[in-house]
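There are 2 protein chains.
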Amino acid sequence: MASQLDLIGKDYIAGISNNPRAASRVTSVYSEVQASRIDHALPLPSVFKNPFKIIDGPLSSSAGHPEEIEKLFPNLYGQPSALLVPNQSDAVKSDQKLKIGVVLSGGQAPGGHNVICGIFDYLQEYVKGSSLFGFRGGPAGIMKGKYIELTSEFVYPYRNQGGFDMICSGRDKIETPEQFRQAEETVTKMDLDGLVVIGGDDSNTNACLLAEHFRGKNMKTRVIGCPKTIDGDLKSKEVPTSFGFDTACKIYSEMIGNVMIDARSTGKYYHFVRLMGRAASHITLECALQTHPNITIIGEEVFEKKLTLKNVTDNIVDVICKRAENGYNYGVVLVPEGLIDFIPEVQELISELNEVLAEGNVDEEGQWKKNLKEETLKIFEFLPQTIQEQLMLERDPHGNVQVAKIETEKMLIQMVETELDKKKKAGTYKREFMGKSHFFGYEGRCGLPTNFDATYCYALGYGAGSLLQSGKTGLISSVGNLAAPVEEWTVGGTALTSLMDVERRHGKFKPVIKKAMVELEGAPFKKFASQREEWALKNRYISPGPIQFKGPGSDARNHTLMLELGAQA
Amino acid sequence: MASQLDLIGKDYIAGISNNPRAASRVTSVYSEVQASRIDHALPLPSVFKNPFKIIDGPLSSSAGHPEEIEKLFPNLYGQPSALLVPNQSDAVKSDQKLKIGVVLSGGQAPGGHNVICGIFDYLQEYVKGSSLFGFRGGPAGIMKGKYIELTSEFVYPYRNQGGFDMICSGRDKIETPEQFRQAEETVTKMDLDGLVVIGGDDSNTNACLLAEHFRGKNMKTRVIGCPKTIDGDLKSKEVPTSFGFDTACKIYSEMIGNVMIDARSTGKYYHFVRLMGRAASHITLECALQTHPNITIIGEEVFEKKLTLKNVTDNIVDVICKRAENGYNYGVVLVPEGLIDFIPEVQELISELNEVLAEGNVDEEGQWKKNLKEETLKIFEFLPQTIQEQLMLERDPHGNVQVAKIETEKMLIQMVETELDKKKKAGTYKREFMGKSHFFGYEGRCGLPTNFDATYCYALGYGAGSLLQSGKTGLISSVGNLAAPVEEWTVGGTALTSLMDVERRHGKFKPVIKKAMVELEGAPFKKFASQREEWALKNRYISPGPIQFKGPGSDARNHTLMLELGAQA
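Heads up: the protein sequence lines correspond to chains S and C, in order. Take the UniProt record's numbering: the final residue in the first sequence is number 569, and no numbers are missing along the way. Take the UniProt record's numbering: the final residue in the second sequence is number 569, and no numbers are missing along the way.
Hints listed in this document are in silico derivations from the structure and should not be mistaken for laboratory results. Take the hints with a grain of salt, since some may be wrong.
[To be verified] Okay, derived cross-link-like pairs now, EDC-like style, lysine to aspartate or glutamate, Cα gap no bigger than 16 Å in a straight line:
1) Lys144/S / Glu184/S
2) Lys436/S / Glu407/C
3) Lys322/C / Glu534/C
4) Lys410/S / Glu407/C
5) Lys430/C / Glu417/C
6) Lys370/S / Glu352/S
7) Lys99/C / Glu68/C
8) Lys422/C / Asp318/C
9) Lys369/C / Glu389/C
10) Lys268/C / Asp172/S
11) Lys515/S / Asp501/S
12) Lys550/S / Asp39/S
13) Lys550/S / Asp555/C
14) Lys424/C / Asp318/C
15) Lys373/C / Glu345/C
16) Lys436/S / Glu407/S
17) Lys144/S / Glu185/S
18) Lys146/S / Glu184/S
19) Lys268/S / Asp172/C
20) Lys508/C / Glu125/C
21) Lys436/C / Glu407/S
22) Lys550/C / Asp555/S
23) Lys410/C / Glu407/S
24) Lys369/C / Glu381/C
Model the full assembly from the supplied sequences, consistent with the hints where possible.
Okay, structure coming up:
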């Protein structure tokens, strides 16, 4: 315990670097809670408590277009999945020391440091004398050969800590032949036996391309992926969840729960909460299951039901009016960040605007609007004026409308306000509507990982280490049976090619790991759908409170995971 | 424990009401953490463990204009403070059952429910057979005679819970002679022996006026105040802090800490965080002490140093440029919600705009601007265009500019951007500036109270009960010695008139409890000032993590409180 107390309120300098930016990142001062987490002991799946071997599952295919995937990955396609099983006689062991590299790719997610610590500790325990190198600043670090050796002292202060600041991340991709060559050069120079890529769907696709490239050249460097993204949209049957989702959703749900109690106490505000998750609405759905808001918009449902912006607005207005009749003039509405991307008519509007506005002739009198199709114009005019102006004025360097900059929750508040004003004039709504907007995003990406994420990530790291030790490549570290106690979790690897399909881009097939969207037939959505009417009109708010590391609630797993595994959260 | 587990995920209906709005408020579903808090046992100051009596301190004066305060409170002025001391022989006791009313006034603050539970439990323990009534919806409940009897079963599910939803709050004031008559009628009809007013500076002033009114009419109803506000601006020597401040600041600091780790991990964003607290900057200062941001703006300092908006902007730009030279292109800036109110030139601009725009002649060509003074016009033109438009277009029903609607953090981002663009053209700044805005407000008002707030509030409630039992009126419940273990906390009451001064309004003296502002000579600001340069240029971020109810960090008290008490946080 002395070790953690030493850190509180003091600078802890891990490693030495002459790069001022890097140096700053490894200088930290710790709060009492942060410090207490550093020495938090993590349980491991029982397979790591005794000798084990790795067995192969059945041969795999792909998520789609197997013949194209096979062409793209001739050396890897069809690989079986791998599973660790207890075994005394043929146990995995090697006297050969390993050199392993690790890279963080893409946006932050709580738990990333623990994956690295898991790999590190695995090597310490099973392949003594091995070295682990962290590439700095994401895949660019591989291409530029920027890395640091991770020592016990260096990784220590990052144990169970949020953020990616140990080695930082980046959004570069290894794509061009030249970039592949650079990567090849780096790993050859470093004499790497393996590389662990911690990232989302794109990064894991990239990991598989690297694995294929290295294997095709008979290089010894193997590549293993790890499922990271708070958005929760990288998962499959064998990869039950991506890390970070649990923590991020619990942080957002804490805030939503607080805002709900505020709404109920004040009795006069409608809080519109936009949540991160541009592609899929898993975060919004999970937060809804945790907190029971009055209205929750799920992008995938909007898309599937072909709802228009007017439909979405009317649905909200309808609930507000019904609640007013029941005496409730307050509520909470959850909105996924990516809502607009799910509404076909808005997509149409944006692409027409991109064309029309590119021509540049936007006149004050609005004559330019005549260049829009009639239907499109209607949608444009349905939008609040501030949003119209935003669409017209704020364009990116390519002249494109900046959809990502639209604050969807504010847009909805204004549209709801307009519709309610009409109803007020018609005498069908008699209350005052006051909307308050919130965006919960960055707050959730770098929180201290929950006990679940901390443990899950550590196991992912251990798993990645074991896969590399036994010579596997092109797999994603997979830890399963997550509804059970940690001891019973399974550990293995899933062929990355089995998660892939192809997309046609610029006339060529590109491999992609398809994002896992919210399934309207899936258990989480069905549970939500079966209860949302009650949540809408009655008040069933739940306030999950702050994430706890000890005591009640500290070992809870998220609803989405438990429901998808057929268990109760 | 059975009792709390029964609540998890189930509806708990406390009390019965035919009012649908009220009924909704007492129907709750509990999360595991919420449920675990209900039965959390609260320690009490040791004076409540044995018989005690109440002794008087020296006679009091007022915070200013004693002769005017004496005129306004002829029956109460000069009252001594009261202190509970252990005493076996003359211990406070009464066989007479008491009827007590309690009201929540103004904005939510974590811990309000515990004050009520404290009063309730005090009566149960010391004056068996007494009744406690909760006025609904704030002071309006007193005027309209809307109340509910608080039973053991009714208060139970609110123990240690956030929000004010047990009886709800309101912002009405009891001001006119007619309103005083209504209040008098209600408490007389109810035969109340006492009334506890839980509120901020205004509400406690109001409580004192009621106490004076009732005493002047020889009524038996006594009035005791309780210090509530997350803003932390209701405090004095004898009232070391207002409840809710501790929890709110810790919730905001959790989010700020997360955003900091994100900034450091990403290495490319400047996060501008606006924090609640319109009048005083205590919240911003406390959050700074908890998290060590690169830049913190304290309204009181801006005012004292007569800084202009340009000065504030330049200070930020200066730090950003210096950090860029050191290789850091990211950071975190804390901004108090009330910043604009502290800048005299902006106040001047707004009052001129109110006049000029009231005349209505805003022309497209901007000729109207000629009606502004030259200096004022300069300030107007320094503002970003969106803010200019907001000031011109969005006015309240009285035609006044809506200052409260200005998103100060976004305004600063835009002004900083403009200045950095100039520097870029001049070649003195070479990086890309990307600002991200946040507002942390509603999330903090209704969180689960920290162990400190839960315990402090419970003691305030016990104290209020004891003061009423011994016939005190016009006092504010005061719990002191808060840096010591709970057992050693002192309990008593402070004359509300001693906190008052007068303000001249419409030619009359009005009593006011002066808001406690951040003192530039006070220990919290001095500690901040002594460290901020280091925080600005180096990175000393601390991430406090989520509020813990058990284990490390769960009993921490906030820095402001500890520093003001001369202790280390």
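The hints, checked one at a time:
1. Among the hinted pairs, Lys144/S with Glu184/S is consistent with the structure: their alpha-carbon atoms are about 11 Å apart, no more than 16 Å.
2. Straight-line distance between C-alpha atoms of Lys436/S and Glu407/C comes to about 13 Å, which keeps the hinted pair within the 16 Å bound.
3. Simply put, Lys322/C and Glu534/C have alpha-carbon atoms about 12 Å apart, close enough for the 16 Å limit, and the pair holds.
4. Note on Lys410/S and Glu407/C: the hinted pairing holds, with a Cα-Cα distance of about 13 Å set against a maximum of 16 Å.
5. For the hint pairing Lys430/C with Glu417/C, the CA-to-CA distance comes to about 13 Å; that is within 16 Å, so the pair holds.
6. Straight-line distance between C-alpha atoms of Lys370/S and Glu352/S comes to about 12 Å, which keeps the hinted pair within the 16 Å bound.
7. Pair hint Lys99/C plus Glu68/C does not hold up; C-alpha atoms about 33 Å apart against a cutoff of 16 Å.
8. Taking the CA atoms of Lys422/C and Asp318/C, the gap is about 13 Å. The hint holds against a cut of 16 Å.
9. In summary, the hint linking Lys369/C to Glu389/C is supported, as the alpha carbons are separated by about 13 Å, within the 16 Å threshold.
10. Our distance criterion of 16 Å between C-alpha atoms is met by Lys268/C and Asp172/S, whose separation comes to about 14 Å.
11. Between Lys515/S and Asp501/S the CA atoms are separated by roughly 10 Å; this keeps the pair inside 16 Å, and the hint holds.
12. Distance hint between Lys550/S and Asp39/S is fulfilled; the C-alpha atoms sit about 13 Å from each other, no more than 16 Å.
13. Between Lys550/S and Asp555/C the CA atoms are separated by roughly 14 Å; this keeps the pair inside 16 Å, and the hint holds.
14. For the hint pairing Lys424/C with Asp318/C, the CA-to-CA distance comes to about 13 Å; that is within 16 Å, so the pair holds.
15. Under the criterion of a C-alpha separation no larger than 16 Å, the hint pairing Lys373/C with Glu345/C is consistent with the structure, at around 12 Å.
16. With a C-alpha separation of about 12 Å, the suggested pairing of Lys436/S with Glu407/S holds against the 16 Å cut-off.
17. For the proposed pair Lys144/S and Glu185/S, the alpha carbon gap of about 10 Å is at most 16 Å, so the pair holds.
18. In summary, the hint linking Lys146/S to Glu184/S is supported, as the alpha carbons are separated by about 14 Å, within the 16 Å threshold.
19. Taken as a hint, the Lys268/S and Asp172/C pair is honoured in the structure, with Cα atoms around 14 Å apart against an allowance of 16 Å.
20. As the CA atoms of Lys508/C and Glu125/C are separated by approximately 45 Å, the hinted pair breaks the 16 Å bound.
21. Only pairs whose Cα atoms come within 16 Å are accepted, and Lys436/C paired with Glu407/S is accepted, the gap being roughly 13 Å.
22. A distance of roughly 14 Å separates the Cα atoms of Lys550/C and Asp555/S; the hinted pair therefore holds under the 16 Å criterion.
23. At roughly 13 Å between alpha-carbon atoms, Lys410/C and Glu407/S fall within 16 Å of each other, so this suggested pair holds.
24. In summary, the hint linking Lys369/C to Glu381/C is supported, as the alpha carbons are separated by about 10 Å, within the 16 Å threshold.
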